[in-house]
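> One-letter residues, chain by chain:
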Amino acid sequence: MLDTLTAIPGRLYVVATLLPLAAFALLLLAGTVRALAGPPYRRPGRGGAYLVLAAMAASAALGVTGLVTFLNDPAHLTHEETALSARWSERVDWVRVGRIDPTIPGSPALSTPALALELGYRIDHLTALLFAMITVVGTLIVLFSLGYMAGETEPTVEDHEVDRQAHARRPAALGGGHDTTPPLFEGERPPPHPTHFHRRGRFGRFFLYLALFAFSMLNLVIADNLLQIFVGWELVGVCSFFLIGFNYERPSAARAATKAFLMNRVGDAGFLVAILIAWSAFGTLNVRDIASTFAGGPPPMLSYPLWIVMGVGLFLGCVGKSAQMPLHTWLPDAMEGPTPVSALIHAATMVAAGVYLVGRCYALFAPEVLLGIAYTGAVTLFVAATIALVQTDIKRVLAFSTVSQLGYMMLALGVGGWVAGLLHLLTHAFFKALLFLGAGSVIHGCHHEQDLRRMGGLAAKMRVTAATMLVGVLAIAGTPLLSGWYSKDQVLNAALAFAHDRPEHLALFVLPLVTAGLTAFYMARLWFLAFTGTPRDRHVFDHAAESPPVMTLPLVVLAAFSVGVAWGWPPWDADASYLGKLLHESRPSTVADAGGGNHLLAGGLALLAAASGFGFAALRYWKRETVPSAGPPSGARRFLLHKWYFDELYDRVFVRPAVTVSRLAGAFDKRPTGDAEPARSRVDGGTLDGWLNAVGQGAAAAGRSLRRVQTGRLRGYVLVLALTAVAMLGILTALAG
Amino acid sequence: MSELGPTPFLILAAFLFACGVVCVAAKRNAIGILMGVELVLNAANLNLVTFARFDPRFRLEGQVFALLVVVLAAAEAAVALAIVLNFYNTHTTVDVDDGNELKG
Amino acid sequence: MPEPDLTWMSALVFLPMAFAGLILFLPSRWAELLRWVALFGAAGTLSVSLCVVIGYYNLLDGHLDRGGRPLQSVHTRLDNRADQAASDLAQQTPRAFQGDDWVGRRPWIDRFDVDYALGVDGISLPLVVLTALVTMLAVVASWKVERSLKGYLILMLVLESGVNGAFLSLDIFLFYVFYELMLLPMYVLIGLWGGGRRKYAALKFVIYTLLGSVCLLVAMLGLYSVNVRDFVDQEVVKAATEDRGMNHPELTREQVNQQVEVHTFDIVTLSKAGRAAMLILNDDAHRLAVKSKASEEPSEGDDPTKVKLFAPGVKLDEAVARLKAQPVCTRQFQYWMFALLFVGFAVKVPLVPLHAWLPDAHVEAPTPVSMILAGVLLKLGGYGLIRVAFPCCPWAAGELAWWVGLLGVVSILYGALVAMAQTDFKKLLAYSSVSHMGFVVLGLAAWSAGSKSQYWEWGVAGAVFQMVAHGITATALFFVVGVVYDRAHHRDVNRFGGLKEPMPLYSGLSAVLFFASMGLPGLCGFIGEFFVLTAAWAFSPALAAAAVVSVILTAAYLLWTWQRVYLGTNDATRAYPDLSAREACVLIPLAVLAILLGVWPGLLLNWVDPSVGGWVENLAVLKP
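Protein chains in written order, with numbering that gives the first Met the number 0: chain Z, 0 to 736; chain A, 0 to 103; chain V, 0 to 623.
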């Protein structure tokens with residue numbers, strides 16, 4: 000048993016992936032048994048949470064061990080690809096369909112095999128690094144959740160938000176609440192009259208979902224074929240769905256969950272199309288096998304238009320998952336989920352999966368598609384940053400910041416900065432997880448107050464949180480020597496290099512540069528509003544308290560990572576980042592070596608932008624008591640508060656028409672309703688059912704009209720009989736004659 | 000005396016048949032209709048006998064069938080009279096126009 | 000002569016009926032006993048079906064090819080096994096029947112060449128097991144039925160007999176008999192135990208199904224008119240020659256032989272005639288060849304372009320000439336036969352626009368009947384297409400494949416769209432059935448030929464898998480509705496809400512089934528849909544792209560329903576009790592199966608695939 004596991008070092012990763020799944024299965028089983036046992040429901044146990052924590056910690060240990068082992072694998076030195084593959088990748092048939100077996104002589108030759116769907120894993124630098132990042136961050140976040148979700152261990156939990164939303168039937172004030180999105184569908188029932196809503200604690204369920212998520216995410220990362228990635232892709236989507244809807248009694252949470260899943264499905268449909276194209280063109284879904292056919296242009300079995308379509312489809316999947324324009328609107332709403340979820344799923348890991356997939360399948364994208372990716376990223380990062388400028392919900396600021404940073408990654412990949420984009424993915428995961436957990440700590444300390452306008456001066460009460468969050472803010476703003484600086488510098492450098500080569504695409508450099516300033520501004524604004532100045536809400540301030548160590552410890556660890564994860568020697572050289580060098584090892588062959596030419600220019604400009612943004616925020620918010628965005632919003636401000644009116648636009652352009660079309664289809668297919676037998680002779684004109692019934696009713700009507708012939712008069716029958724006989728006789732004689 | 004041939008007999012049979020049909024069609028009295036039916040049957044009988052006489056191929060069959068029809072007519076009359084009787088019991092008339100229960 | 004496999008298969012068909020007979024003689028006041036007897040009968044049938052699975056697995060295992068897989072071995076192919084059995088039966092000195100080939104044949108109505116022929120292969124067997132399972136669960140779900148319980152249980156078991164018989168028949172006539180046999184119990188079950196509009200719904204169900212049946216009947220007679228003397232064992236022709244020779248002493252033996260016609264209802268023989276007709280219609284008559292024995296192994300020296308269809312001992316030239324002279328080799332005949340068969344089965348699938356009976360029947364039927372209707376009866380349509388329509392009229396099927404696929408896609412999209420507009424939970428699921436069953440048709444229609452024929456195999460395997468998967472999810476979801484209907488006494492999704500908090504177990508299981516129905520990877524719904532889509536893309540990207548849209552639509556209507564029924568708060572639902580043990584007994588096996596088949600599709604595909612492979616190979620070689 001142990002031998003089979005240790006025979007190939009890569010199996011380490013399989014075990015590490017399956018551990019959370021085992022925890023999930025155990026918890027699911029326990030939960031089912033407990034539910035079968037039925038009421039009375041006891042106090043939610045903590046055992047499940049510890050089990051998941053243990054599984055995650057073990058995964059993290061294995062992930063780090065695997066990373067070290069992989070980096071020290073002697074095959075790297077000799078560049079023996081096959082030896083490396085044999086030790087760090089495996090594939091087995093999952094489903095094999097078909098009578099054709101190439102191992103049998105005389106089998107027909109196939110241009111595209113398409114015989115088996117495989118399961119497999121393949122470890123390279125990117126995978127190993129991501130795996131370690133996910134497990135480590137995941138473990139820290141599970142640890143944090145033990146404290147953050149402690150309230151759920153109570154037998155009954157009171158959810159004020161349910162009552163609040165029940166009160167506020169009309170949408171809450173702009174920017175202040177969760178209810179600014181229009182209802183996803185019409186016909187939602189008004190919530191019942193406000194009461195003090197109580198429900199059972201859901202401590203175990205939270206960790207159940209987290210365990211499933213961890214498995215799905217790890218599976219996605221180690222997968223070596225598109226189908227397995229797709230499987231993980233959908234599973235993380237489902238976990239996200241359940242976790243966003245964790246407080247499913249809140250209408251806003253239920254809506255946000257549905258919205259997130261549906262928008263992801265739009266992207267997934269594109270992904271699916273890409274998979275179908277690949278499968279019918281290559282007969283395999285193995286990413287490496289497919290990529291190897293792309294040595295210089297599209298392979299003969301794939302026409303150029305199909306290549307484009309495949310790339311667009313693949314990217315559409317990434318757009319959905321990574322919340323890029325135009326499918327970005329679900330991510331801010333996803334903040335309905337508990338804050339650790341936002342940190343893990345909607346900041347560090349799942350949303351980065353899109354970026355990961357673009358990086359993994361880099362060779363599959365046509366140049367046109369890559370340009371599209373770059374522009375998508377550039378527009379997204381700018382738009383999201385502008386929206387973040389005016390948000391007053393602490394989590395929403397971070398959500399838009401996440402969208403914006405994901406835009407940076409996409410931009411980098413699009414302009415050829417493969418290493419830069421993925422490096423930013425890694426560094427961003429740490430500092431954004433830190434920021435979210437810090438926000439979670441603030442929210443927890445302020446008893447679930449998320450509105451920045453009611454905070455202020457919290458630094459005095461929450462020293463660790465304030466300090467670690469400041470590290471996060473500085474990192475994301477691109478302060479030199481912090482991790483964010485290295486990656487952002489590389490991204491901008493790549494963009495500048497691209498714009499230098501192709502001046503018509505100058506916007507690809509200008510937008511991120513401007514946004515670097517915006518980023519520094521809104522992040523600093525967040526920090527100043529929350530932690531400095533005088534308290535704007537006495538009640539909140541008086542009850543605020545620092546979080547317990549189980550929550551601050553992950554903050555400190557993540558802060559350490561945020562500072563130093565990208566360091567190299569010398570630390571002041573952004574190109575010397577050790578992490579970047581590792582990533583460079585696994586870059587696809589089509590990526591040119593990153594040129595370091597314009598570093599000083601790009602870095603200098605970025606630093607200038609960030610510094611001015613930071614300074615402007617300090618001027619405006621530091622030690623000021625002004626409540627931001629008091630008074631009616633002005634034009635531009637209103638535009639930003641409405642998030643460029645994307646939700647409204649989609650509601651009008653997609654949701655409502657879709658519902659209308661389905662209503663029309665339903666009306667077209669209409670059938671009798673109610674509990675009474677429908678009148679037999681009624682014809683529903685204009686409906687399919689009516690037409691089909693009309694056929695039957697026509698037959699019945701024909702019968703009714705023929706009924707008249709049966710008069711019941713004997714003499715009439717005889718007359719008809721005789722006349723018929725004569726007539727037939729006449730016909731017969733005529734025919735015979 | 001010369002052989003008459005089948006034609007006059009067939010004409011007579013046809014005449015009888017026509018009378019019978021008209022009787023069935025025109026009479027409202029059930030007994031009258033029965034009489035018409037008897038006429039029709041006997042017209043057929045006449046045909047059968049005629050062919051038995053004039054066509055050597057049907058010598059035997061014609062007579063057998065004629066006898067069969069006679070028996071059939073007797074049975075029919077018995078059943079039909081029973082029906083008429085019942086009809087009279089329920090409708091207190093033998094006017095067939097009053098019997099419209101089979102109207103569709 | 001004892002033939003164990005025939006005994007097993009007959010038991011599968013008649014065991015439920017026997018239990019129905021037993022119930023008939025029990026006094027109806029012993030309600031609890033009646034239920035247990037019915038449950039015992041259904042469980043017994045399930046056990047028998049599992050025994051048959053084991054037997055069939057042994058058959059596959061005993062005939063592995065050089066690759067160690069059962070795929071290339073002709074001994075596992077249904078058509079070869081059926082040929083062998085027919086040949087054994089035809090010998091003048093009867094040969095011993097094979098007791099382990101899972102094909103059994105006995106003469107039934109000699110005058111019309113009708114045989115009592117049953118057979119098992121990987122396409123019918125999963126559906127039989129599904130039938131047995133669903134019926135058993137439906138009996139459990141019927142525990143609360145009080146009204147005329149005895150009749151109800153009898154009808155349910157008779158229904159199972161009919162369905163099993165239809166799945167196992169190898170003779171169209173027998174198939175038709177069973178097909179009609181199951182119509183009557185269903186009519187009565189809806190018409191007596193249904194909701195407010197039960198009469199309307201039951202009548203509509205019967206009229207639609209009878210419309211399909213009439214088409215089948217006509218097609219059946221049309222196929223019977225084909226002279227198949229060159230496709231059956233020549234002993235049959237010899238016997239017929241002698242028989243005729245005695246009646247016509249004035250003719251020479253040769254003349255008599257020329258006049259002999261053989262007709263049959265045997266599906267396997269008819270499909271060979273259909274395939275030969277396809278080759279002739281495609282001007283490929285030179286590819287026709289004669290088999291050397293009834294069940295022939297392919298060997299190294301075979302010409303791969305030759306298609307061996309004629310029975311051993313037939314003179315090729317004469318046979319081809321005879322076939323060409325027949326109406327079966329005309330386009331009109333093929334088109335008509337296929338159209339009739341297709342319409343006949345499309346009603347049952349059901350395909351838009353012939354689906355109109357389904358929502359009414361589902362809405363009015365009691366929960367257990369809905370489970371059987373969705374879980375099993377719809378599969379008969381798909382099964383009929385696989386077993387009868389495509390093999391017997393391959394030429395027309397190939398010509399019309401795109402249009403058939405289009406109908407499938409229309410069903411998929413239309414069903415999903417209309418489902419989105421429904422507020423009645425059951426009606427919504429009924430339309431989602433229309434949508435999901437569209438995938439079955441699309442998978443069958445995705446006839447990629449030539450070097451891409453393996454894609455069609457994915458499609459057909461996916462269609463079979465989708466039938467099973469839909470059988471599981473639809474059965475379970477209708478029961479899910481039944482559970483909540485028992486508590487709320489209405490089915491309006493807008494009036495539910497907040498079920499997740501009072502009923503955690505119910506909601507958890509429902510979630511598994513909702514997502515399985517949505518086609519989430521890792522659950523059973525995904526496999527079938529994905530396979531079908533892969534095949535469809537290779538066949539026609541336009542059709543596949545349209546079908547992919549349903550991924551979004553399906554998620555939309557199911558999630559919207561999920562949101563309205565389970566999420567939020569609702570004072571009316573707060574006090575609902577969670578699943579009872581009995582209800583959990585129905586849902587848990589289905590949920591477990593949904594997960595199991597999703598994670599490990601090989602569980603099903605390992606023994607479905609050899610049959611699908613043979614099926615596809617038979618047809619794919621016909622199209623260059």
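The reader is advised that the hints may include incorrect statements.
Pulled a few chain V residues facing chain Z out of the computed Cβ check, cut under 8 angstroms [unchecked claim]: (1) L70; (2) E145; (3) A324; (4) Q325; (5) A555; (6) D577.
To be clear, the hints were calculated from the coordinates, so they are not data collected in a lab. Note that CB positions come from ideal geometry on N, CA and C, so glycine has one too.
> The structure should be examined with respect to each hint, and the outcome stated for every one.
The hints, checked one at a time:
A hinted interface residue such as L70/V counts as satisfied when its beta carbon comes closer than 8 angstroms to some beta carbon of chain Z; here the least separation is about 4 angstroms, so the hint holds. Interface hint at E145/V: violated, since its Cβ lies 20 angstroms from the closest Cβ of chain Z, which is beyond the 8 angstroms cut-off. Here the hint on A324/V is broken, as its CB sits about 32 angstroms from the closest CB of chain Z, past 8 angstroms. At a threshold of 8 angstroms, the smallest CB-CB gap from Q325/V to chain Z is about 31 angstroms, leaving the interface hint violated.
At a threshold of 8 angstroms, the smallest CB-CB gap from A555/V to chain Z is about 6 angstroms, leaving the interface hint in force. Evaluation of the D577/V hint against chain Z yields a held restraint, the C-beta minimum of about 6 angstroms falling below 8 angstroms.
In the structure shown, a violation is registered for the earlier hints numbered 2, 3 and 4, in ascending order.
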